[in-house]
Every structure is written in structure tokens, then in C-alpha cells.
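Here is how the chains run, residue by residue.
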Amino acid sequence: MKRQLIAIAAGSAVAFAAAFPASAADKLKIGFISTLSTPAGALGVDIRDAFTMAIKHNGGKLGGLPVELTVGDDQFKPEVAKQLAEKYIRLDKVDILTGIVFSNIMLAAVPEAFNAKIPYVSPNAAPSPLAGKQCNPWFFVTSWPNDAYHEAAGKHATDKGYKSTYLIAPNYQAGKDSLAGFKRYYKGKIADEVYTKLGQLDYAAELAQVRAAKPDALYIFLPGGMGINFIKQFVAAGLSKDIQLITPGFGSDQDVIRPVGDSMLGLIDTAHWALDLDNAVNKKFVAEFEKEYKRLPSVFAAQGYDTALMIDAAVKSLKGKVEDKEALRKALKGAKFESTHGPFKLNTNQYPIQNYYLRVVGRDTQGRLVNKTLGTVFKDHGDAYVQDCPMK
Amino acid sequence: MSLILILEQSLNGLQFGLMLFLLAAGLTLVFGIMDMINLAHGSLYMVGAFLAATLVQATGSFALGVLLAIPAAAAVGMLLEVSVLRTLYARDHLSQVLATFALILIINELVRMVWGTDMPLSAPEALAGPVQLLPGMPYPAYRLLIIGVGLAVALLLYFVVAKTRIGMLVRAGASNREMAMAMGVDIRKLFTLVFGFGAALCAIAGAMLGPILAVQVGMGENILILAFVVIVIGGIGSIRGALVGSVLVGMVDTVGRAFIPHLLREFISPAFAGAIGPALASILIYVVMAGVLFWRPQGLFPARG
Amino acid sequence: MRRALTVGVLLLAIAFPLAMQAIDQTYYVTMASRILVYALAATSLNLILGYGGMISFGHAAFVGAGAYTASIMIAEGMPSAWIGWPLAMAVPALLALAIGAISLRTRGVYFIMITLAFAQMIYYLTVSMKAYGGDEGLTLTQRATLGFGLDLKDDATFYYVVLAILVAALFLVSRLVNARFGRVVQAIRENESRMEAIGYPTLRYKLIAFVLAGALGGLAGALLANQNSYVNPGILHWTESGKLMIMVILGGVGHLYGGVFGAIGLLGLEEVLANHKFAWLAALYPDYQQHSLLGVGVAMLAVVLYAPQGIAGLFRRGKDG
Numbered sequence: 481m482k483r484q485l486i487a488i489a490a491g492s493a494v495a496f497a498a499a500f501p502a503s504a505a506d507k508l509k510i511g512f513i514s515t516l517s518t519p520a521g522a523l524g525v526d527i528r529d530a531f532t533m534a535i536k537h538n539g540g541k542l543g544g545l546p547v548e549l550t551v552g553d554d555q556f557k558p559e560v561a562k563q564l565a566e567k568y569i570r571l572d573k574v575d576i577l578t579g580i581v582f583s584n585i586m587l588a589a590v591p592e593a594f595n596a597k598i599p600y601v602s603p604n605a606a607p608s609p610l611a612g613k614q615c616n617p618w619f620f621v622t623s624w625p626n627d628a629y630h631e632a633a634g635k636h637a638t639d640k641g642y643k644s645t646y647l648i649a650p651n652y653q654a655g656k657d658s659l660a661g662f663k664r665y666y667k668g669k670i671a672d673e674v675y676t677k678l679g680q681l682d683y684a685a686e687l688a689q690v691r692a693a694k695p696d697a698l699y700i701f702l703p704g705g706m707g708i709n710f711i712k713q714f715v716a717a718g719l720s721k722d723i724q725l726i727t728p729g730f731g732s733d734q735d736v737i738r739p740v741g742d743s744m745l746g747l748i749d750t751a752h753w754a755l756d757l758d759n760a761v762n763k764k765f766v767a768e769f770e771k772e773y774k775r776l777p778s779v780f781a782a783q784g785y786d787t788a789l790m791i792d793a794a795v796k797s798l799k800g801k802v803e804d805k806e807a808l809r810k811a812l813k814g815a816k817f818e819s820t821h822g823p824f825k826l827n828t829n830q831y832p833i834q835n836y837y838l839r840v841v842g843r844d845t846q847g848r849l850v851n852k853t854l855g856t857v858f859k860d861h862g863d864a865y866v867q868d869c870p871m872k
Numbered sequence: 019m020s021l022i023l024i025l026e027q028s029l030n031g032l033q034f035g036l037m038l039f040l041l042a043a044g045l046t047l048v049f050g051i052m053d054m055i056n057l058a059h060g061s062l063y064m065v066g067a068f069l070a071a072t073l074v075q076a077t078g079s080f081a082l083g084v085l086l087a088i089p090a091a092a093a094v095g096m097l098l099e100v101s102v103l104r105t106l107y108a109r110d111h112l113s114q115v116l117a118t119f120a121l122i123l124i125i126n127e128l129v130r131m132v133w134g135t136d137m138p139l140s141a142p143e144a145l146a147g148p149v150q151l152l153p154g155m156p157y158p159a160y161r162l163l164i165i166g167v168g169l170a171v172a173l174l175l176y177f178v179v180a181k182t183r184i185g186m187l188v189r190a191g192a193s194n195r196e197m198a199m200a201m202g203v204d205i206r207k208l209f210t211l212v213f214g215f216g217a218a219l220c221a222i223a224g225a226m227l228g229p230i231l232a233v234q235v236g237m238g239e240n241i242l243i244l245a246f247v248v249i250v251i252g253g254i255g256s257i258r259g260a261l262v263g264s265v266l267v268g269m270v271d272t273v274g275r276a277f278i279p280h281l282l283r284e285f286i287s288p289a290f291a292g293a294i295g296p297a298l299a300s301i302l303i304y305v306v307m308a309g310v311l312f313w314r315p316q317g318l319f320p321a322r323g
Numbered sequence: 191m192r193r194a195l196t197v198g199v200l201l202l203a204i205a206f207p208l209a210m211q212a213i214d215q216t217y218y219v220t221m222a223s224r225i226l227v228y229a230l231a232a233t234s235l236n237l238i239l240g241y242g243g244m245i246s247f248g249h250a251a252f253v254g255a256g257a258y259t260a261s262i263m264i265a266e267g268m269p270s271a272w273i274g275w276p277l278a279m280a281v282p283a284l285l286a287l288a289i290g291a292i293s294l295r296t297r298g299v300y301f302i303m304i305t306l307a308f309a310q311m312i313y314y315l316t317v318s319m320k321a322y323g324g325d326e327g328l329t330l331t332q333r334a335t336l337g338f339g340l341d342l343k344d345d346a347t348f349y350y351v352v353l354a355i356l357v358a359a360l361f362l363v364s365r366l367v368n369a370r371f372g373r374v375v376q377a378i379r380e381n382e383s384r385m386e387a388i389g390y391p392t393l394r395y396k397l398i399a400f401v402l403a404g405a406l407g408g409l410a411g412a413l414l415a416n417q418n419s420y421v422n423p424g425i426l427h428w429t430e431s432g433k434l435m436i437m438v439i440l441g442g443v444g445h446l447y448g449g450v451f452g453a454i455g456l457l458g459l460e461e462v463l464a465n466h467k468f469a470w471l472a473a474l475y476p477d478y479q480q481h482s483l484l485g486v487g488v489a490m491l492a493v494v495l496y497a498p499q500g501i502a503g504l505f506r507r508g509k510d511g
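Chains as they are written, first to last, in this note's numbering: chain A, 481 to 872; chain B, 19 to 323; chain C, 191 to 511.
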């Protein structure tokens with residue numbers, strides 16, 4: 481009985497759908513979930529602002545289609561992101577999902593997209609499991625593999641000859657990925673490796689341990705508000721005189737420089753992008769972003785902008801026919817465009833292959849604190865997991 | 019594990035404990051005198067921090083901003099008492115828990131509407147660096163200031179509660195409310211006053227911790243639970259209990275976080291120690307609390323005879 | 191009359207997924223499933239809070255323990271619901287036995303705080319379970335398997351399973367509270383010393399109720415984990431315990447359907463405030479949807495202050511008058 485009822489219901493739904501064929505792609509629906517509130521929110525706000533700016537400056541369109549953008553705040557909670565993904569996919573029926581900052585939150589939400597066969601374009605989180613064995617045809621990364629900045633930092637620490645390094649990261653997947661990445665390219669001694677609670681704000685106890693351990697360098701992976709607090713407290717504890725602080729690029733970018741201020745001078749970091757990268761797309765992006773929002777963009781903003789560029793390129797190549805999800809997926813895989821850091825290239829696991837640069841916090845010609853490029857650490861660098869990915 | 023490290027961690031524990039005390043003192047008075055569970059106490063801490071951040075920005079002086087924030091927060095607290103909380107005194111604990119839980123949501127959203135999700139608040143420039151306490155032991159100047167303020171407020175509180183007429187009324191109210199009322203104490207006014215006082219203490223804690231932690235929506239929620247743990251350990255209604263409980267919890271939390279993983283490493287594999295160490299340190303506080311309640315169901319210093 | 195109403199509501203609940211499938215709005219089916227799961231969790235809390243008068247501020251620990259047990263079974267390659275779900279009731283039941291044996295000796299505020307303390311301990315334990323995700327939580331590769339050709343991955347099937355479990359649980363609770371056991375527990379709520387004086391082992395009665403509530407809460411947790419295909423320590427956070435208490439109050443303390451009404455009321459309110467744009471509110475404050483929790487808070491406060499009997503109380507009043 482129940483089965484029959486379902487059959488009837490399904491039948492009528494099919495008839496309904498047939499009577500009103502989805503009006504062939506008159507718009508592109510994008511669901512954007514990100515962490516917009518809480519102290520971790522500055523990152524998501526930068527991604528969102530750059531993403532919406534790219535659409536706005538493109539006449540409200542991507543790839544020639546008017547964009548219908550739905551933005552949701554996950555409040556730094558995985559279950560909220562998961563419910564938003566559910567809603568955007570089933571209720572709003574979006575064509576593409578994007579936006580999430582943190583790996584743990586994304587890992588909770590993204591199966592929803594995989595099951596529904598909706599492409600997820602990640603403007604930031606790129607955890608190692610999804611690069612290797614669990615790689616997925618519906619998952620695209622426009623940022624950088626979670627390990628990459630840390631691998632570059634580890635390489636730099638080795639090149640510089642630091643004998644012992646102390647490592648701190650939050651206790652979650654990206655945190656573990658980060659320290660694994662650092663260690664993969666660091667040949668010196670690890671003074672200690674500490675995992676703190678995600679979202680911890682007072683690091684007095686950890687800093688006292690660091691002082692006692694007397695390392696040459698301290699490498700921290702503490703995104704958002706955690707890093708802001710840590711760097712302030714690190715300087716307040718007087719540790720900056722004896723210990724070189726190294727962070728991944730996002731750990732000392734504009735969103736951290738703004739609240740921390742001059743204490744940041746001389747801090748070393750590694751990233752795939754910098755304000756002063758010399759290419760036309762980047763120059764345009766930096767100028768427009770500053771004009772639009774009266775602040776300098778961070779690496780997160782660059783990633784948000786690149787995400788919009790990638791979707792634009794893919795939809796353009798489809799001539800706007802986005803209703804065929806398989807074709808949309810292939811178009812994203814083959815998307816050719818100039819990003820904020822030069823020609824964009826995807827690996828077989830759909831994670832990018834790109835250069836990584838060494839940067840230092842200094843003053844620009846106007847006296848503002850910015851990251852300046854010192855040199856290239858890696859050229860055309862991929863990730864360590866791609867051989868485990870069965871995708872070709 | 020050097021002596022200096024132990025000393026430094028103990029100072030950290032003391033600093034955290036004293037700030038907890040500022041929260042717990044107000045909470046325990048409200049709890050003890052009015053028999054009222056106020057979950058929104060953490061919201062007053064948040065409001066105090068936001069007020070301080072705003073006033074520091076407006077006046078350009080950290081000290082002046084914080085000093086102005088204290089009466090402002092007290093006013094907010096008294097307003098809250100007169101408008102909503104007063105009607106809850108006669109209700110059961112369940113209603114109080116829920117109504118004040120609702121207040122957390124409401125105040126969070128109101129703060130977000132007025133101020134946004136967070137506000138910048140930095141330690142004064144002069145205190146941004148370290149102070150050499152002992153040879154080889156620099157300590158952040160600002161954290162020393164927090165310890166100083168915490169001790170000063172604790173002393174002041176002791177003086178007010180033990181030596182003044184208001185303090186006498188408060189003690190009378192905490193140990194036997196009906197009797198105090200029968201003796202002609204204007205309970206309504208006293209309640210409002212105590213509530214405002216608690217809010218002022220919250221504001222001090224929020225303003226002092228703001229530069230170290232972050233002035234943000236929701237900052238009061240986790241620390242509130244710790245403050246409850248403190249007053250349950252110390253004995254509800256007892257200021258002395260709140261002080262002992264706060265320092266105990268602050269020490270156990272900090273020292274546990276710093277040393278337990280290292281201690282464990284002596285006995286079990288580092289990977290496993292790294293995994294359970296932090297958890298054990300976080301649980302320790304609650305183990306202490308459950309232990310205290312098991313053996314002394316009224317806490318360490320019961321206020322009621 | 192009452193029975194006819196119950197049957198009618200049940201029929202509506204059964205027809206709901208079909209209607210949603212017909213208009214291609216399956217999102218509402220998953221939302222309804224979530225509401226039913228929370229209804230079960232709130233009903234289990236209502237058993238001790240409403241009938242037993244035990245204000246437990248740590249119920250999320252049992253829900254969470256059930257969710258983790260069910261998830262770990264799936265992660266370890268034993269997806270059968272027939273093993274996983276009973277275990278997801280047994281583990282919280284044992285926890286409730288241990289916690290209850292200690293906590294139920296305390297009274298009033300101290301009981302509230304000690305249950306909270308134990309819940310916090312379990313919360314931090316799950317945070318430390320690195321093998322099962324730690325802080326980050328555990329993503330399930332599949333939902334539990336049930337056999338009989340029932341595929342829980344199918345949202346409508348999942349909905350029906352949850353509905354069946356909820357109906358069975360409500361039946362059980364209604365039988366229980368009207369049986370001698372339930373009468374004794376309610377009498378203890380009214381006057382514990384008298385019951386003790388009469389010779390009832392009050393602690394044992396309260397403990398049994400506490401353990402039963404833990405087991406039912408654990409089952410709700412198992413369903414929640416399957417629904418989300420994901421579990422993280424956030425499910426055990428103290429604010430989740432608070433949320434369950436709100437549902438009970440909102441729905442009606444000590445009323446059979448209190449938990450159900452409360453879950454529908456609270457989650458429905460959240461959903462409507464977050465997703466439905468009210469023109470008059472938008473005119474007042476354009477960004478009001480970003481602050482939907484304000485509405486939830488005001489509604490809760492209003493219920494506590496002006497309708498302490500909850501939604502069920504409204505019905506009751508209607509019947510009396």
C-alpha cells in the first residue's frame with residue numbers, strides 16, 4: 481500500500497516536472513555557507529566579500545548567467561553547516577555549493593553535496609583525506625591543500641638551519657595535517673608538539689612551556705581569533721626576542737595584522753599568494769577590493785575571488801547550460817582561467833598545483849603593515865596524497 | 019620541569035582564578051540571598067566587556083574606560099533585575115534556569131545588534147610587554163595587573179561584607195532570608211543593590227580579561243559554567259567559599275593543562291598521553307566538584323547554618 | 191474523541207512524506223525527522239523532569255553517548271541497527287546508573303549542578319576521543335542497516351522508522367506513568383519524605399526512572415547521529431541540555447505529549463524565524479533574520495513567565511473551560 485502511494489506520488493511528481501521543464505538555466509544558483517560570526521568569522525567575511533565583489537563587478541553574473549546567491553552563517557558549528565547544506569540543496573536547489581572556511585565544518589557538510597551530486601568548490605578547506613583515498617569527483621579546491629603552507633614553512637625552517645622548533649596547532653584534522661606537513665620538510669629537531677582545544681583563547685600555560693623548552697623557532701597553526709590572541713600574548717610574554725615565530729600565510733595576513741598591529745613586524749610566513757604578486761588579475765583584484773571595502777585583502781579574499789573566477793570560467797565554457805550536473809562537473813575540472821596567482825591548474829585529485837612564496841611582514845610605501853614576498857619556496861607544488869586518489 | 023616553570027604556571031592559575039572569583043562572587047550572592055539561579059550572569063560579563071571596549075575607545079584611556087564601564091554595567095544589571103528577574107524569585111529553579119537561558123539568547127542577539135559580533139580591546143601600551151619578575155622569569159605585565167586588581171577587589175569585598183552595614187544585611191539575607199525580612203530589612207532594595215553589585219564585578223572581570231581573550235558575543239557561556247562550579251565547590255552564598263573555590267579551579271585548570279600531559283608521558287606512550295592529557299585536564303575540575311559534593315553536599319563553606 | 195484526534199494526527203504524520211514528495215519538497219521530510227528525533231529526546235527528559243521532578247541539567251550527555259555509541263559501531267564496520275541501537279541505549283543507561291547513583295543523593299540546586307558536572311565530564315571525554323574525531327567529530331560513511339528491505343538512507347523510510355519508534359516510546363511512557371511505578375515516582379515528586387516514611391525505597395524508584403530516561407535519550411541520540419550522518423562533541427554541550435529542557439517546558443512539563451509539542455514548537459519556531467521573511471518585521475529591522483534567536487529567546491521567556499504549563503497546558507485549559 482505504502483509503496484503504491486509512493487509510486488503514485490512519484491509519478492505525479494514526474495508528470496509535474498515534465499509539464500514544467502526547468503526553464504533552461506536562466507540563472508545560476510549558488511549556495512554560500514561560511515563562518516561569518518564568532519572571532520573566527522573574519523576569514524569567512526573576507527572570502528564572502530571577495531566572492532560577492534567578483535560577481536558584482538561582473539554585472540551580477542558568472543559565466544553569463546545572473547547569479548542567485550544565498551549566503552548562510554554556520555556559526556563555527558559543523559551541524560549548522562550541515563543543515564544549511566541540506567536546505568540549500570533540497571529546498572533552494574542550488575547548482576553549486578561553496579564558502580566553508582574550516583575543514584572540520586566542511587567535512588560535516590560536504591557529504592550532503594556528494595550524495596546529491598552537486599559540485600562543491602572549496603575556497604579554503606582542503607583536508608588531506610579528500611586529496612587521497614577519499615577524493616571525490618564533486619569536490620574542487622581553489623585554495624591550497626591543507627598541508628602545503630606548512631610544507632613550505634618546514635622547508636624554509638630547514639633552509640634557514642633552525643636546530644629545534646616547537647609546534648602548536650588546534651586539535652582537529654587541519655591542525656594535524658598542518659604539523660604533519662611541516663614535519664615532512666623539516667629536518668631539525670621537534671622541541672615539542674602541542675595540540676590545543678579548537679577555539680582556545682588564552683595561551684598562558686602553553687607559552688610558559690614554550691619558554692621552558694627554549695626552541696630556535698616556534699611554528700603555529702592557529703587560524704582566526706586563536707592566532708590573533710596567541711601572537712599578542714607571545715609578544716606580551718617577551719618571547720619574541722629569542723624565538724623566531726613562523727606562521728602559515730593566513731596566520732599573519734591582513735585579518736591578523738589589523739588587530740595585532742606593530743608586534744607583527746618581522747614575522748615570517750609562507751603562502752601561495754601575496755598582495756604584491758605581479759600579475760594583471762591580482763593587481764585588478766587588490767585595487768578593486770581596497771576601493772570596495774576600504775581595507776586590504778587577505779589571502780582568504782584572494783581565494784574567494786579565485787573561486788568566483790573558476791565558476792565563471794566553467795559556466796562560460798558550458799554556455800550557461802548548468803542544469804546538466806555532470807557537464808558542470810567536467811567544466812569545473814577543465815576550467816581554464818588566470819587566477820590572482822597566475823594560470824590556475826588542477827591536479828588529478830582536483831587540488832591545485834601552484835607556487836608557494838616566502839613572505840615577511842613589513843611596511844609598504846604608504847607605511848602600512850603588509851606581507852612582502854621574499855622569494856619562492858616551492859615551484860609547481862602539488863600534494864603528498866594524490867597518488868592514493870583513484871581519479872584520473 | 020623547572021621551579022620557574024612551576025612558579026609561572028601557578029601565577030597563570032592564580033590570575034585565572036581571581037577573574038573567576040569576580041564572576042563567582044556576584045553569582046554566589048545572588049544565588050545565596052535570592053535563591054535564584056541566574057544563567058544570564060555570564061551575559062553581564064559580556065555586556066561589561068563590550069561597554070568597557072566602547073568606553074575605552076571613546077575616552078582614549080584604558081583606565082578611565084574601564085572605570086566608567088563598571089557603573090554602566092551595574093545599571094544594566096539593576097535594570098535587568100527590576101524588569102525581569104524580580105518576577106522569578108518566587109518561581110522554582112526550573113523556571114529560573116529556563117528564563118535566564120532565554121535571557122542569554124536575547125542579550126547575545128541584542129549585543130550583536132548594537133555592537134556586532136566582537137569589539138577590539140587592547141591592553142594599555144605601557145603594559146603590553148613583559149616584566150622581569152625573577153632572573154630568567156619575565157612575566158606579562160598586564161597579567162600582573164589582573165592579579166593585582168583581583169586581589170584588591172577580593173579585599174574590598176571582604177571589607178564590605180564583613181565590616182559594613184550593607185554587608186551585614188547581605189550576610190543576614192544569605193543565611194536566613196525570612197528572618198532578615200522579619201527584622202525589617204527592605205529585601206527588594208537589597209536585592210536590586212546586590213544584583214547591581216554583582217554586575218559591576220562582572221564588568222571588572224570582562225574588562226580585565228577582554229584584552230587577553232576577546233570581547234565577543236558568547237564569551238560568557240563557558241566561563242559561566244566554571245563560575246557555577248566554583249560556587250558549588252565553595253558553598254552557595256559564601257564569599258570566602260567563592261574565593262577558595264575560584265583559586266582552586268583556576269589552579270587545577272591551568273596546572274592540569276600544563277603538567278598532566280607531561281606527567282602522563284612518564285608512564286604511557288607520548289601519542290596516547292597527548293590524546294588523553296588535555297581531556298583529563300579539562301575533566302579534573304568536574305571531578306573535583308563531584309568529589310566535593312559527594313563528601314560535603316553543601317560545599318566547602320556552607321553559608322546557611 | 192481524544193482517541194480520534196490522536197489517530198487523525200498519526201494519519202497526517204504518515205501521509206506527510208508522500209505529500210512532500212508529490213510537491214518535490216523533500217527537505218521538509220528531513221526536517222520533520224529531526225523534529226521527531228528531538229521529540230523523542232525531550233520525551234525521555236520529560237520522564238524524569240516532568241514526572242519525577244528531577245531537574246537534570248545533563249541530559250545531552252545521554253543523547254550524546256547514544257549518538258557516539260551508534261556512530262562508533264558504524265565506523266567499526268557493524269552497521270546493523272539491531273546491534274548498534276540497543277547498545278546505544280545500554281551505554282547511556284549504564285552511565286545514567288552510575289551518575290544517578292551519585293547525583294540522586296543531592297537535592298535542589300546541587301542536583302542540577304552535579305548532573306551538569308557529569309555531563310561536562312562526558313563532553314570532554316568525547317573531545318578527547320581522537321580515534322573517533324575528537325573535537326572535530328565523526329562523519330559516518332553510511333547509515334545503520336535495518337534489514338526487511340528498509341533502507342535508512344532513504345529519507346522517507348528514515349522518517350517512518352523514527353515515527354514508529356517515537357509512537358512506541360510514547361506508548362511505553364504512557365503505560366509506565368499510569369502504572370504503579372509511575373504513580374510512585376510522581377508521588378515522590380510531590381513529597382519525597384512522606385513516600386520514604388511510608389517505606390518506599392525512593393532512591394531506587396528515582397534511579398530506575400533516571401536510567402530509563404537515559405536509555406531513551408540514547409536511542410534518540412542514535413537516531414540523531416544517523417540522521418546527520420555525523421556526530422561531534424557539540425551534541426553534548428551544556429546548551430544542548432538547556433535546549434532539551436526548553437522543549438519540555440515549552441511543550442508541557444509532565445504531560446505525555448509535552449516533549450513532542452516542545453520539539454515541534456521550538457524547532458518550528460527556529461525554522462520559521464530563520465527562513466520565512468515577515469514583511470512587517472523586515473520593515474522594522476531589515477536584517478532581523480540574522481537575529482532569529484532573539485525571537486526564540488523572547489518566546490521562551492514569555493512561555494516561562496506567562497504560560498508555565500506550556501503548549502500542552504493550553505490544550506488542557508481549553509478542555510477544562
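Quick caveat, the hints were computed from the structure, so don't treat them as lab data.
Some clues are possibly wrong.
Within a straight-line C-alpha distance of at most 20 Å, the following computed SDA-like cross-link-like pairs (lysine to any residue) qualify [unchecked claim]:
| # | chain 1 | residue 1 | chain 2 | residue 2 |
| --- | --- | --- | --- | --- |
| 1 | A | K536 | A | Q555 |
| 2 | A | K721 | B | L145 |
| 3 | A | K677 | C | Y322 |
| 4 | A | K816 | A | G544 |
| 5 | A | K805 | C | D214 |
| 6 | A | K694 | B | V178 |
| 7 | A | K852 | A | G746 |
| 8 | A | K536 | A | G800 |
| 9 | A | K509 | C | L483 |
| 10 | A | K541 | A | E768 |
| 11 | A | K810 | A | L798 |
| 12 | A | K872 | A | P617 |
| 13 | A | K799 | A | P546 |
| 14 | A | K764 | A | K774 |
| 15 | A | K573 | C | Y218 |
| 16 | A | K694 | B | F277 |
| 17 | A | K774 | A | G800 |
| 18 | A | K805 | A | D572 |
| 19 | A | K597 | C | L330 |
| 20 | A | K557 | C | L483 |
| 21 | A | K613 | C | A321 |
| 22 | A | K721 | B | L152 |
| 23 | A | K721 | B | P153 |
| 24 | A | K557 | C | K320 |
| 25 | A | K694 | B | K207 |
| 26 | A | K774 | A | V850 |
| 27 | A | K509 | A | L571 |
| 28 | A | K573 | C | D214 |
| 29 | A | K573 | C | A222 |
| 30 | A | K667 | A | Y642 |
| 31 | A | K667 | A | L681 |
| 32 | B | K207 | B | L162 |
| 33 | A | K557 | C | L474 |
| 34 | A | K507 | A | K541 |
Hint by hint, here is what the structure shows:
| no. | hint | verdict |
| --- | --- | --- |
| 1 | A:K536 - A:Q555 | violated (25 Å) |
| 2 | A:K721 - B:L145 | holds (17 Å) |
| 3 | A:K677 - C:Y322 | holds (16 Å) |
| 4 | A:K816 - A:G544 | holds (16 Å) |
| 5 | A:K805 - C:D214 | holds (18 Å) |
| 6 | A:K694 - B:V178 | violated (46 Å) |
| 7 | A:K852 - A:G746 | holds (10 Å) |
| 8 | A:K536 - A:G800 | holds (18 Å) |
| 9 | A:K509 - C:L483 | violated (27 Å) |
| 10 | A:K541 - A:E768 | holds (17 Å) |
| 11 | A:K810 - A:L798 | holds (10 Å) |
| 12 | A:K872 - A:P617 | holds (10 Å) |
| 13 | A:K799 - A:P546 | holds (13 Å) |
| 14 | A:K764 - A:K774 | holds (15 Å) |
| 15 | A:K573 - C:Y218 | holds (13 Å) |
| 16 | A:K694 - B:F277 | holds (17 Å) |
| 17 | A:K774 - A:G800 | violated (33 Å) |
| 18 | A:K805 - A:D572 | holds (16 Å) |
| 19 | A:K597 - C:L330 | holds (18 Å) |
| 20 | A:K557 - C:L483 | holds (15 Å) |
| 21 | A:K613 - C:A321 | holds (18 Å) |
| 22 | A:K721 - B:L152 | holds (18 Å) |
| 23 | A:K721 - B:P153 | holds (16 Å) |
| 24 | A:K557 - C:K320 | holds (18 Å) |
| 25 | A:K694 - B:K207 | violated (57 Å) |
| 26 | A:K774 - A:V850 | holds (15 Å) |
| 27 | A:K509 - A:L571 | holds (12 Å) |
| 28 | A:K573 - C:D214 | holds (11 Å) |
| 29 | A:K573 - C:A222 | holds (19 Å) |
| 30 | A:K667 - A:Y642 | holds (9 Å) |
| 31 | A:K667 - A:L681 | violated (31 Å) |
| 32 | B:K207 - B:L162 | violated (36 Å) |
| 33 | A:K557 - C:L474 | violated (29 Å) |
| 34 | A:K507 - A:K541 | holds (9 Å) |
The structure fails hints 1, 6, 9, 17, 25, 31, 32 and 33 (numbered hints given earlier, in ascending order).
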